[in-house]
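In case you want the letters, here they are:
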Amino acid sequence: MTNIWGFLMQTIEISIVALILLLLKKIFQDKLSPRWQYEVWSVLFLSLIIPVGFFPFALFPSLHVLLEAVKTIIEQSFHSSYIDIYLPIKNITPFPLVTDLPHSLTDFLFVLYVLGVLYHLIRYIHQYIRLKRIIFIYGQKPSDNLFQKIQKVETKYHFISCQAIVLEGIPSAFVFGLFKPVFVLPKQDSLDEKIILHELLHLQYKDSLQCVIWSCLRCIHWCNPFLQYVFDQIHNDMESLCDQRVLEKLEGEQRRDYGRILLNMTNEKYPYAFGTTSLSNGAKNIKKRIEAIARFKKYPRGMTVVSLCICLLLAPLSIGYFHSYTLIGNPYQYESFSYQLSLASARMMEYPTVAGAIDTYAKGIVSNDEQFLLSVLPQQDYHDFQSVLSQRPDSVVSTLTYYLYDVIHLEKINDHEYHAKLCFYNQNENIDVENNRVIAHYTIIPIQIKKERGWKVKQNGKVLTGDARYLRTFMNSEIYDIPIYKIISLPCQSGEVTVIVRNGYQVFGNDIKNTPSLHTFELRPQARFNSGYQYLDVIYQNQQSLHNQDEIEYISMNLKNLNNQYEDVHFEKHDDFSNYGLHYQSSSNEETFFFAKVENHTLDKEYRFQHISYYHESERIHLPETYALQIDINGTKEMMKINMEDGEWYDI
Amino acid sequence: MTSKSYVGALYQIIFGFIFTFFDIRIQIIHFLPDWIGYYLFYKAIDVIGEYEESAKLLRPLIIILGVYNGIIWILMIMNVSVKSLDVLQLFMNIISIYIQFQLLTNISNIALSHHFENESKRLNILRIMNVISVTFVSFPVHWAFMQYVQIIITLFYIVIVILLILTLIAYVKKERA
Numbered sequence: 001m002t003n004i005w006g007f008l009m010q011t012i013e014i015s016i017v018a019l020i021l022l023l024l025k026k027i028f029q030d031k032l033s034p035r036w037q038y039e040v041w042s043v044l045f046l047s048l049i050i051p052v053g054f055f056p057f058a059l060f061p062s063l064h065v066l067l068e069a070v071k072t073i074i075e076q077s078f079h080s081s082y083i084d085i086y087l088p089i090k091n092i093t094p095f096p097l098v099t100d101l102p103h104s105l106t107d108f109l110f111v112l113y114v115l116g117v118l119y120h121l122i123r124y125i126h127q128y129i130r131l132k133r134i135i136f137i138y139g140q141k142p143s144d145n146l147f148q149k150i151q152k153v154e155t156k157y158h159f160i161s162c163q164a165i166v167l168e169g170i171p172s173a174f175v176f177g178l179f180k181p182v183f184v185l186p187k188q189d190s191l192d193e194k195i196i197l198h199e200l201l202h203l204q205y206k207d208s209l210q211c212v213i214w215s216c217l218r219c220i221h222w223c224n225p226f227l228q229y230v231f232d233q234i235h236n237d238m239e240s241l242c243d244q245r246v247l248e249k250l251e252g253e254q255r256r257d258y259g260r261i262l263l264n265m266t267n268e269k270y271p272y273a274f275g276t277t278s279l280s281n282g283a284k285n286i287k288k289r290i291e292a293i294a295r296f297k298k299y300p301r302g303m304t305v306v307s308l309c310i311c312l313l314l315a316p317l318s319i320g321y322f323h324s325y326t327l328i329g330n331p332y333q334y335e336s337f338s339y340q341l342s343l344a345s346a347r348m349m350e351y352p353t354v355a356g357a358i359d360t361y362a363k364g365i366v367s368n369d370e371q372f373l374l375s376v377l378p379q380q381d382y383h384d385f386q387s388v389l390s391q392r393p394d395s396v397v398s399t400l401t402y403y404l405y406d407v408i409h410l411e412k413i414n415d416h417e418y419h420a421k422l423c424f425y426n427q428n429e430n431i432d433v434e435n436n437r438v439i440a441h442y443t444i445i446p447i448q449i450k451k452e453r454g455w456k457v458k459q460n461g462k463v464l465t466g467d468a469r470y471l472r473t474f475m476n477s478e479i480y481d482i483p484i485y486k487i488i489s490l491p492c493q494s495g496e497v498t499v500i501v502r503n504g505y506q507v508f509g510n511d512i513k514n515t516p517s518l519h520t521f522e523l524r525p526q527a528r529f530n531s532g533y534q535y536l537d538v539i540y541q542n543q544q545s546l547h548n549q550d551e552i553e554y555i556s557m558n559l560k561n562l563n564n565q566y567e568d569v570h571f572e573k574h575d576d577f578s579n580y581g582l583h584y585q586s587s588s589n590e591e592t593f594f595f596a597k598v599e600n601h602t603l604d605k606e607y608r609f610q611h612i613s614y615y616h617e618s619e620r621i622h623l624p625e626t627y628a629l630q631i632d633i634n635g636t637k638e639m640m641k642i643n644m645e646d647g648e649w650y651d652i
Numbered sequence: 001m002t003s004k005s006y007v008g009a010l011y012q013i014i015f016g017f018i019f020t021f022f023d024i025r026i027q028i029i030h031f032l033p034d035w036i037g038y039y040l041f042y043k044a045i046d047v048i049g050e051y052e053e054s055a056k057l058l059r060p061l062i063i064i065l066g067v068y069n070g071i072i073w074i075l076m077i078m079n080v081s082v083k084s085l086d087v088l089q090l091f092m093n094i095i096s097i098y099i100q101f102q103l104l105t106n107i108s109n110i111a112l113s114h115h116f117e118n119e120s121k122r123l124n125i126l127r128i129m130n131v132i133s134v135t136f137v138s139f140p141v142h143w144a145f146m147q148y149v150q151i152i153i154t155l156f157y158i159v160i161v162i163l164l165i166l167t168l169i170a171y172v173k174k175e176r177a
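Going down the list, the sequences are from chains A and B.
Residue numbering for the first sequence follows this note's numbering, beginning at 1 and increasing consecutively.
Residue numbering for the second sequence follows this note's numbering, beginning at 1 and increasing consecutively.
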């Protein structure tokens, strides 16, 4: 937490978790054991130590968006040094950190809050040191009678021996200390064994250390009265759990005696001090504990599993219950609060996948939806977002049926950056009548995809437009001649092979077909490239001597997809070429076979065939990275592997 | 309380479990609505409560779940999305886990008092297995990224549910005899 807004978000979210837990505890008050009643607070503990905004989830995302919008409006008139008005609130630590000198009202409020935290911490530490000094200066060894009594309880219930000190003037016994706690007793010989048992159980379960941890967290939320109440409840539940443990060790009449001891303490003040646990915790709380004692029962053994399972189901509350942010509709009235809300929701959006960010950017470009574009805008452009968005390519049309765009030349620069080109086709342009081919008008936008708060997309070069010839449709993917990925040239024993590679990735979905209006695109932040093709144009030129060429009767080629370059290759067998005629080609998604008969000892200038691999999965696809090519001339075979990492990028 | 009414209550609980465990949906209509299951539990709880006092504590919880599931059933028929109610659904899942556990504990205790030790023991084991399987099925993580885990959890859940219902049927038959 480095600013007042971060603290507000943290404390509000934790309060909601606490409210949910209190409601559940109320429902199960007389049904689940005190053990569960205390242990369920571990969910709150997780909420307290996990900074809100650390994960891309929120328990109530609209509440975060509301706070973000309020922050932007209020901070516009200030020049706060702790806050960037457009950067979404995100906490890195669960405790406050002052990073600079304060400049604005909200900065000073944050400093005031931090001073409050420090005040409470110092007060607790001072209290602890003072009590420690009192105990070790004025503390005395217990009388023989009392010492024997403690030893008797320790032996009876198998406790490890502990240091006991008698202090005059204290109302009841307590345990004090963090790592080597001591048992502090009032000066009276008639101390009941059950009180000793209660405090020794506190010692055994290191409750004083737990008290210190809760107290430190209490300091961080000192100005939230609801959480102060919750921390009191936690302390009471800890005492109730200790009561339960005592009662489990006692029998019949002894249990009633224990209740009577507590009843006698109802007039005593709540003597709570930092780093201590005490049997007495105020009249009101003791009343509740006595009620719990009246309900005491031994719970069935399986109840521990039930308690654990309930805590497990509640645990995701601490990270926001996997609720992602979503866009709030963009109103047309600028300067209104709803407009600020919609902008805030766009800034809060996070795209966990590269494809999700590109998909939103592409939809924003086609539908002219500024909110889609703002949600993937890099943070550095937030201050100038209106002018950045106004420079976007306009009038981009996509007429593809099953998907909106092709992502071509997708190149990983490093773990935090990708480059790609976004390719849109408008098929309604014209037809090349001579060749009976559709000519599509293309728009290519070079983009940079960078990781910040999720993935962000930015135009990264000049937009290219032009006409592209339609090559073919393969499994609903229209392939045009424009998106050449690479040209790979490889020498072989008999000549040279050139492979022209085109590929494209798509986010395939039915939202395109079913969308009546371009303004109603579905947002898919977690989209993956689930569809794609790789189109290989293989050109073989024989460069053998004329003498050798004269003897060639046929040339056949097999091209096969490989998972990696080390994979063993087994091609389909084609032995009987007599039925193939002059030319023959058979293709599958994995392998293509090409055959050409040489007539009159005259070789063609080049032999050319195409191979397409198309993949469509529900989750994500992998295009082949390696191919094996076998060239067979009159039965003499040579094999080579074509790696997609080789070759040169084709510059459009 | 006659043994006849206890056997009747056990049948109500068996059918209650069938209604709450299984889903048969044709388009938007849910033919085994959970609220009927909770109504059957509610009817049975009076008889079970005569044998086991703690079962009576379940009554308000069963009403909450019955009403909630009734509302959800109507909303689903009206084709209203209930996705945004997932924190409320979390509450209901937790209550449901507790009800199932406590109800099976009570039946197991009654079985033991009627000297059906084997059935009591089996119910004790199955109630814990049931709690674990329901927890994993209800866990709010989208298991889609771990399809095999999801399949294993679902299979585990189905096996436990079938075993539980078969055990209850076997126990009712012995009570009738």
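Just so you know, the hints here were simulated from the structure itself, not pulled from any lab data.
One or more hints might be untrue.
Derived, one-sided and incomplete: chain A residues facing chain B with beta-carbon distance under 7 Å [as the list claims (entries may be wrong)]:
1) Pro300
2) Val305
3) Cys309
4) Ile319
5) Phe322
6) Val396
7) Val397
A quick note: this is a predicted structure, and the numbers were derived from the prediction, not measured.
We treat Cβ as the ideally placed atom computed from N, Cα and C, and that holds for glycine.
Results of checking the hints against the structure:
1. Because the beta carbon of A:Pro300 sits about 5 Å from the nearest beta carbon in chain B, less than 7 Å, this interface hint is met.
2. Because the beta carbon of A:Val305 sits about 5 Å from the nearest beta carbon in chain B, less than 7 Å, this interface hint is met.
3. Of the supplied interface hints, the one on A:Cys309 holds, with its beta-carbon coming within about 4 Å of a beta-carbon of chain B, less than 7 Å.
4. This hint is violated: A:Ile319 has a C-beta 11 Å from the nearest C-beta of chain B, more than the 7 Å allowed.
5. Look at A:Phe322: its Cβ gets to within about 6 Å of chain B, closer than 7 Å, so that hint holds up.
6. Given hint, A:Val396 at the interface with chain B, is violated; its Cβ is 32 Å from that chain's nearest Cβ, farther than 7 Å.
7. Because the closest C-beta pair between A:Val397 and chain B is about 33 Å apart, greater than 7 Å, the hint is violated.
Hint check: violations occur at hints 4, 6, 7; the rest are consistent with the structure.
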